[in-house]
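Engineer: Spelled out from the first residue to the last, the chains are:
There are 2 protein chains.
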Amino acid sequence: MKVTIIGAGNVASHLAPALERAGYIINEVYARRIDEAERISQNLYSANTSDNLDFSGSDSVLFLIAVSDYAIEQIAGEIVLPDQCLIVHTSGSIPMSVLELTASDSIGVLYPLQTFSRNRKISFPEIPILTEANTPEGLAMLEQVGKSLSKRVALVDSEKRLQLHLAAVFVNNFVNHMLTIGDEITSENNLDFSLLEPLIRETVDKAIEIGASDSQTGPAIREDHSTMEMHMELLEENESYQRLYKIISKSIIDSKNL
Amino acid sequence: MKVTIIGAGNVASHLAPALERAGYIINEVYARRIDEAERISQNLYSANTSDNLDFSGSDSVLFLIAVSDYAIEQIAGEIVLPDQCLIVHTSGSIPMSVLELTASDSIGVLYPLQTFSRNRKISFPEIPILTEANTPEGLAMLEQVGKSLSKRVALVDSEKRLQLHLAAVFVNNFVNHMLTIGDEITSENNLDFSLLEPLIRETVDKAIEIGASDSQTGPAIREDHSTMEMHMELLEENESYQRLYKIISKSIIDSKNL
Chain A
141 MKVTIIGAGN VASHLAPALE RAGYIINEVY ARRIDEAERI SQNLYSANTS
191 DNLDFSGSDS VLFLIAVSDY AIEQIAGEIV LPDQCLIVHT SGSIPMSVLE
241 LTASDSIGVL YPLQTFSRNR KISFPEIPIL TEANTPEGLA MLEQVGKSLS
291 KRVALVDSEK RLQLHLAAVF VNNFVNHMLT IGDEITSENN LDFSLLEPLI
341 RETVDKAIEI GASDSQTGPA IREDHSTMEM HMELLEENES YQRLYKIISK
391 SIIDSKNL
Chain B
141 MKVTIIGAGN VASHLAPALE RAGYIINEVY ARRIDEAERI SQNLYSANTS
191 DNLDFSGSDS VLFLIAVSDY AIEQIAGEIV LPDQCLIVHT SGSIPMSVLE
241 LTASDSIGVL YPLQTFSRNR KISFPEIPIL TEANTPEGLA MLEQVGKSLS
291 KRVALVDSEK RLQLHLAAVF VNNFVNHMLT IGDEITSENN LDFSLLEPLI
341 RETVDKAIEI GASDSQTGPA IREDHSTMEM HMELLEENES YQRLYKIISK
391 SIIDSKNL
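Just so you know, the sequences run in chain order A and B. This note's numbering puts the first residue of the first sequence at 141, with every later residue one more than the last. This note's numbering puts the first residue of the second sequence at 141, with every later residue one more than the last.
Bound-form chain A, shown alone:
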């Protein structure tokens, strides 16, 4: 089955080779700038590159849009597709319906629920692939593609996918920001951030094994105001972190009283 990849960012650069390894032929790679398409195609067997969204002559069966969320709508409005193809995007937050702007009758979503960075290897079989399509045939195709990439494929509609994406922001972006602040506090005090590594790993292991809500410890859940005040004093010179500390601590205390 031939596949066209639209986009050359983090998701595209991971997804394209993963699809090849799973036996699909990457027919074409599109990027607004041809050199970016070439950067992706370098890691592929025989993909053509293009900076033109007219795919009327393409023999691809599946078109995968893997671009920034804000760009999906514009691409959907511009792309020219061959008859008889399935076009999907890979976004967690954008509804499938945005692809109705394309002329295709068959639209869908294939959302790999993971954080991708360009130079970081990712084990695809572990990544949940969330699918959605407007036809049973399209859904069957996406399930087949999903299963060839991952051990876990689930059908999730646009509304639920957005909720999952919101949850992902809390457990990834916001968790990462807390780790960034921990990193800053340790470096500012000439302390080795790696001292916190076993704690960070145990935080995640414990939350996954016994549930995050039952895992909470620390000054906020104990309502230990004297320790919280000492911490707030340390943050005196960083008003923004001080406010974060206060509001997250309050939220932890509130969650206890639910």
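It is worth saying that the hints were derived from the structure and are not from the lab. This one's a predicted model, so the numbers in the text were calculated from it and none came from an experiment. Among the clues, some could well be false.
No distinction is drawn between identical chains; accordingly, a pair holds when it is met within one copy or between any pair of copies.
Stated by the list, open to error - Below, in silico cross-link-like pairs of lysine-lysine (PhoX-like), each with a Cα-Cα straight-line distance of 25 angstroms or less:
1) Lys396 / Lys386
2) Lys287 / Lys300
3) Lys261 / Lys291
4) Lys142 / Lys291
5) Lys261 / Lys287
Model the placement of chain B on the given structure of chain A, informed by the hints.
Structural biologist: Relative to the frame of chain A, chain B by itself:
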């Protein structure tokens, strides 16, 4: 070497058997309620239990206070110690100096930097042990104890330890709260929280390997206001989480412009 454990909470219940495995003799376990001391001593070879802080007749060399932070000062004021012993507490946030309330000339801190839960096994060798003492002899003893428990022992004074404890609150308590919210959002939408597990594990792996600050992705760092607004709408019924979302996102955007 004989050791007395003051306290019967999460830290005490992990530390006492770990010290025994490392070759120390747990002489006595104190708790305000004798049945709590007995719960700990059940897992020990031959520890006496006590609800009395008069240890003037004890032959222990090391007294380890492992109680809630707020209770340390009171214990320090009440405890009666034999001549010639080292008394330490195990808290990240309380200064060593609080132990000057005891009559002992030799005071210190042995802080295991980890989150402890009663029924959860912890691999002690991986836990950084942070030590501090007011005499070289006391410090040498704590280093010996630390090294018998863990691969990683570091000398950190009270001021730095409090900074580390603050960082620990961000990377443990606050991370755990973000995971709790992710869990709530998924369960409220009948989505399986385990869909987020690979993302959570990768979040931590990536932050530890390439640094959290370089790992950030998502709508805030991209200043993708349209996605952030969609997320805020989903949180409309939970004003507290909406405020958290807004403030943490703003903090991520601010960190970008530093």
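Engineer: What label fits Lys261 with Lys291 when the C-alpha limit is 25 angstroms: within, between, both, or neither?
Structural biologist: within (17 angstroms within a copy, 29 angstroms between copies)
Engineer: At 25 angstroms max between alpha carbons, let me know whether Lys396 reaches Lys386 within a copy, between copies, both or neither.
Structural biologist: Close inside one copy (16 angstroms) and across copies (22 angstroms); limit 25 angstroms.
Engineer: Is it within a copy, between copies, both, or neither that the alpha carbon of Lys287 lies no farther than 25 angstroms from that of Lys300?
Structural biologist: within (21 angstroms within a copy, 50 angstroms between copies)
Engineer: Is the C-alpha distance from Lys142 to Lys291 at most 25 angstroms within one copy, between copies, in both cases, or in neither?
Structural biologist: Cα proximity of Lys142 and Lys291: one copy only (22 angstroms, versus 53 angstroms across).
Engineer: With 25 angstroms as the alpha-carbon cut-off, assign the pair Lys261 and Lys287 to within, between, both or neither.
Structural biologist: within (19 angstroms within a copy, 36 angstroms between copies)
Comparing the model with each numbered hint stated earlier shows that all of them hold.
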